[in-house]
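Enquirer: Next come the chains, spelled out residue by residue.
There are 4 protein chains.
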Amino acid sequence: MIVVMQEGATEEQIDAVIDAMVEAGIGVHRTTGASQTILAGVGPTAAVDLSKFEVLPGVLNVHRIGSPYKLAGRGFRPQGTVVEFPNGVKVGGQQVAILAGPCSIENREQIFAIARCVQAAGGQFLRGGAYKPRSSPYAFQGLGLPGLEMMRDAAQEYGLLTVTEVMEIAQIEPMLPYVDCFQVGARNMQNFNLLRALGELRKPVLLKRGIAATIEELLLAAEYILSGGNYDVILCERGIRTYETATRNTMDLSAIPMIHKLSHLPIVADPSHGTGRRELVAPMARAAVAAGADGIMVEIHPNAGKSASDAAQTLYLDQFEKLVCELRFVAKAVSRTL
Amino acid sequence: MIVVMQEGATEEQIDAVIDAMVEAGIGVHRTTGASQTILAGVGPTAAVDLSKFEVLPGVLNVHRIGSPYKLAGRGFRPQGTVVEFPNGVKVGGQQVAILAGPCSIENREQIFAIARCVQAAGGQFLRGGAYKPRSSPYAFQGLGLPGLEMMRDAAQEYGLLTVTEVMEIAQIEPMLPYVDCFQVGARNMQNFNLLRALGELRKPVLLKRGIAATIEELLLAAEYILSGGNYDVILCERGIRTYETATRNTMDLSAIPMIHKLSHLPIVADPSHGTGRRELVAPMARAAVAAGADGIMVEIHPNAGKSASDAAQTLYLDQFEKLVCELRFVAKAVSRTL
Amino acid sequence: MIVVMQEGATEEQIDAVIDAMVEAGIGVHRTTGASQTILAGVGPTAAVDLSKFEVLPGVLNVHRIGSPYKLAGRGFRPQGTVVEFPNGVKVGGQQVAILAGPCSIENREQIFAIARCVQAAGGQFLRGGAYKPRSSPYAFQGLGLPGLEMMRDAAQEYGLLTVTEVMEIAQIEPMLPYVDCFQVGARNMQNFNLLRALGELRKPVLLKRGIAATIEELLLAAEYILSGGNYDVILCERGIRTYETATRNTMDLSAIPMIHKLSHLPIVADPSHGTGRRELVAPMARAAVAAGADGIMVEIHPNAGKSASDAAQTLYLDQFEKLVCELRFVAKAVSRTL
Amino acid sequence: MIVVMQEGATEEQIDAVIDAMVEAGIGVHRTTGASQTILAGVGPTAAVDLSKFEVLPGVLNVHRIGSPYKLAGRGFRPQGTVVEFPNGVKVGGQQVAILAGPCSIENREQIFAIARCVQAAGGQFLRGGAYKPRSSPYAFQGLGLPGLEMMRDAAQEYGLLTVTEVMEIAQIEPMLPYVDCFQVGARNMQNFNLLRALGELRKPVLLKRGIAATIEELLLAAEYILSGGNYDVILCERGIRTYETATRNTMDLSAIPMIHKLSHLPIVADPSHGTGRRELVAPMARAAVAAGADGIMVEIHPNAGKSASDAAQTLYLDQFEKLVCELRFVAKAVSRTL
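Chains as they are written, first to last, in our numbering: chain A, 1 to 338; chain B, 1 to 338; chain C, 1 to 338; chain D, 1 to 338.
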């Protein structure tokens, strides 16, 4: 950290800041220029609340030098993390993963039809919601465990892995037999107790970026899981909230190369939630692969228009098949496979 | 709801939309103009996912007429809600409430000193965090139950009510004896299971607006609590995330009169989190009262600069006392008391 | 337009709204349901200020049915616009255009070296700033006309077209001999007098999206140019302002397919301004092509690190050459050429 | 400025950065810690593009220490600026100024009726638009000079000062006889040539914050005017663009105390544009005064509902009179007059 003193700060003020830094376990190097004094802090500052120094008398401003996360930082694993699943499927390697399924699991026929389609298209993951966080208490809230059983059966039948959202700690235990990868939804990205609990597991976690989360906050949320010893975290860009209303969210594709620079964790893209509009899903999926995404997660449904939730952003099965074909070409253009 | 068909939509397309509306339990009135057909839907549409209709062939766009919330709407209680506490203190009436305390409860001396000050200044609520949601896993996470005991003792001693944040369902039960008003933090505003659980209680809930929540989403979150039968909900504006970086958040004071128009629920303002900077707390607290806030919640600490968390936005006790004096004048100017 | 009356609106209120609509030249169809009356307005409402009706007594809300732009809408030219330049180069067709050059024209050597490189890589346009809008009055403001002369010479030498920013009406006339395509910068997207003046020309205009402009506002700005009879407008997505600070702006790639849906105008992407960081330019350029961009505009400089402006986002010439190669593959993957 | 080198940066990299800093006229102090080297730059860096250093090899990040503006900074005039008009009216002193008038000047009767009302209420400024920047080319564009003549006559009759928007340099000269204070609209806040031209005048300028401008950018825009020698600049907060759609803009009242801290310039608030809704104008005007605004600018019209533009946010004359009464009480509560 660096503390910049105001011009005209007194020696007493400077000493008080140095004392406060030392008290916080930080070593101090002082540079005094013609008009300003600068205090460079050395040591473990990740846990230090910098605002504490900002308000000391005579301080102009305070800058953090390093990143506030450690385990999630690129430096921790410069070669990058590849999350490997029991059946050998990998996320974060050469191959771009395909994760697809309905917003909500509705019934046995639906989820089996979808699983068949995902497998046929060459996808690896069946996604589907059984517990749904809905803005309105009057909207469909999901089938719960019976839905998860259906999804597990369908995944088994077609050799797929399952991904589904967990909304609270109490759900983890009963969900374990049905889930290959726990998804943390955007609204829970900063549900820190849930993150800690998932950190205790030894099962991969797909962590979605909060609707107004910065990249730094997303990596700090991942840090909660990593710091529990669970290193199999897959990040997910799914659109952020901006002033633009033509799309449901604004998909921040630049987060993909930026996170690859800042972190070793793989990152997948969810153009369904990212755009909220069916006709934008395919172009944004292609763009995400071109930008370096390690996987694409999309909502699909045999009767998309009648989907119990998220109908407007759900692809029909034939649209999904066509999309996977297109993605194969784009993946090849950026030297990856699908 | 209103469905606007595209120019040139066929009769078949129009019929298909009408069928879908009827299937969803919505009565339909059709208007056919020179170039366009409009279908007005009548009936209970709060639970209907309008996007489902938006993607039907021939549809130009779909508008919701009513609000998606019911119990939280002004129409449900046109006279407004006054939340009354066991000791007779009211929020939402003529008097502007004062809620003050430390970001984190740190020790017995600290919380007693603060409680004494809150009472002396004429405040009604002692606020303080025992469970802290922190962006970084390495930051101070709160004292937990022992902290709540200290706060309850201090509140008792000085005749104050307690407000503190609950982070998950499992905490509710053990917290009950210590808490007069449960606070739902901004990060949990859409933790719907938690909201439902609080709806089962018969204790007031202070619901903070999420950092990127619209006013509509805040009222829908309140609806979760109200729909459980707990009508004692106090809303809280605490700053939203915008592109501006000079302040920690952008305090949206217009939400106060807007919510008074849309809803019957009282709303308090938190200028500490709203601005993130000590020197802005007083002017924004004054502004909030002038805009019609039903209460002001501020972070205070005898040694604000050394506060275990949120140091930069915490007032010293004498600053708080001065602020309350100023607020008394502003309250009077807008025909309220403090 | 559709006016939804409040439940319980009186006949007098309804009549007053109908009168106001008729007065504004709008035909009215009335639908009266069990609880609510809806007034559908028919006729030319693009020029009507809808807020005028929103505040009439008894009105719940007002919705615009059509888009407020006409000439810029897809319906005006369903087949799409291809902007053709005198030398036969086209933007908006099968080929993805390459527009490259320095942020600021600095001297003859610089611009000639860059032009040589653009031509060698297969680009069609030499871009370069002579008049620079800078946030600070103390920053470099551009060479003016002498700079434009250098750029014209360099473009001539290497068979390229020139694109450069015009900042005010008085500059148009003297710039004419040097410019093949006038660029309107993000800060001037709503400089309506300038847009009108450019509408009088018969030279293509590249219109950049304002830093906080919605897609609708961008198309309305284009409408100003089109309504003067100049139909050769190329839009440009260059990043919008959001809360994220890791990147200079947030590039909204979904605007590309969305604009292709809403409008017939071609749209190019500027990943240099869109990201503000050199290492993100290539992945976002690839993503833009995959999303359907009709061209890519990038800042390049032989000594990028010492560029007189925008150094951090400027590519070195060899980085640019490599990028163009990559883009060729991506273009092919989405069935286009470069 | 401070340059933080990466851990492991080589001596050659460090030397190259030092050379680049020296070349830019900046003195360098070097601090080498256990793991990291920090270079503190001393000297005039306001005009330096810091991003230039950010991309040099081995650099982790670069921080600006001082503010990029000088004349607009509080340090330039610690006692604050009071803008005094020829008739003795002051903005920035003890008294809160009232600026009111129609969005557009429509005819003689309208502007005279309004001027009479402003004077009666105790206001000092008649505001009114003659040149209107409108998002749509089909909307009413203002009366031009004839409108200004009417406004001047009305202001003369009732002893008021005139404020009106100037949209381009060519308008300044003809507007001079009619205008006491030039207004720069939000869309032109970064029309730097216009700002420079206004800097050459010796007439006050009211500079509105751009819809997506940071406080720093607003002060840099003011710097353009100040650097021409025109020190009579009044800033104006008028709402910023956020994700919230319930209000037209989000009024950032915290900008008022923040700007008073950072700058010596007075700042007024425009709750009409700030909220876009008539019923929010009064509470937000009161809040602005409580937050320390030096003036309140509102749109008023004898027949607000039929106003040629901005009808939804315009007050009726009796609403305005009532508001001024309320503001008098709030001003008194914060020790000011009206």
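Treat the hints with care, since some could be wrong.
Because identical chains share one entry, a pair is satisfied inside a single copy or across any pair of copies.
Here are the computed lysine to aspartate or glutamate pairs in the DMTMM-like style, where the Cα-Cα straight-line distance is at most 25 Å [said to hold, decoys possible]: (1) Lys203 / Glu321; (2) Lys306 / Glu12; (3) Lys332 / Glu11; (4) Lys70 / Glu321; (5) Lys90 / Asp49; (6) Lys70 / Glu7; (7) Lys90 / Glu54; (8) Lys322 / Glu54; (9) Lys332 / Glu279; (10) Lys306 / Asp180; (11) Lys203 / Glu279; (12) Lys203 / Glu7; (13) Lys261 / Glu149.
Think of the hints as simulated: they come from the structure by calculation, not from any bench.
Enquirer: Each hint should be assessed against the structure and marked as holding or not.
Expert: These are the hints, each one checked on the structure:
Proximity of Lys203 and Glu321 under a CA criterion of 25 Å is satisfied in neither setting, with 29 Å inside one chain copy and 43 Å between copies. Within a single copy, Lys306 and Glu12 get their C-alpha atoms only as close as 70 Å, which misses the 25 Å cut-off; across copies the closest is 18 Å, which meets it. Taking the closest pair of Cα atoms, Lys332 and Glu11 never come within 25 Å of each other, the shortest separation being 62 Å inside a single copy and 41 Å across copies. Neither within a single protomer nor between protomers do Lys70 and Glu321 lie at most 25 Å apart by alpha-carbon distance, with minima of 40 Å and 36 Å respectively.
In this homomeric assembly, Lys90 and Asp49 never come within 25 Å of each other (Cα to Cα): the closest approach is 38 Å inside a single copy and 36 Å across copies. For the homomeric pair Lys70 and Glu7, the shortest alpha-carbon distance between copies (14 Å) is at most 25 Å, but the shortest distance inside one copy (34 Å) is not. When the C-alpha separation of Lys90 and Glu54 is checked against a cutoff of 25 Å, the pair qualifies neither within a copy, at 45 Å, nor between copies, at 35 Å. Within a single copy, Lys322 and Glu54 get their C-alpha atoms only as close as 55 Å, which misses the 25 Å cut-off; across copies the closest is 23 Å, which meets it.
Proximity of Lys332 to Glu279 under the C-alpha cut-off of 25 Å is found in both arrangements, the shortest distances being 23 Å within a copy and 21 Å between copies. Taking the shortest Cα distances, Lys306 and Asp180 never come within 25 Å of each other, neither inside one copy (28 Å) nor across copies (45 Å). Neither within a single protomer nor between protomers do Lys203 and Glu279 lie at most 25 Å apart by alpha-carbon distance, with minima of 34 Å and 33 Å respectively. Taking identical chains as interchangeable, the C-alpha atoms of Lys203 and Glu7 are never at most 25 Å apart, the minima being 53 Å within one chain and 34 Å between chains.
In this assembly of identical chains, the alpha carbons of Lys261 and Glu149 never lie at most 25 Å apart, being 39 Å within a copy and 40 Å across copies at closest.
Of the numbered hints stated above, those contradicted by the structure are hints 1, 3, 4, 5, 7, 10, 11, 12 and 13, listed in ascending order.
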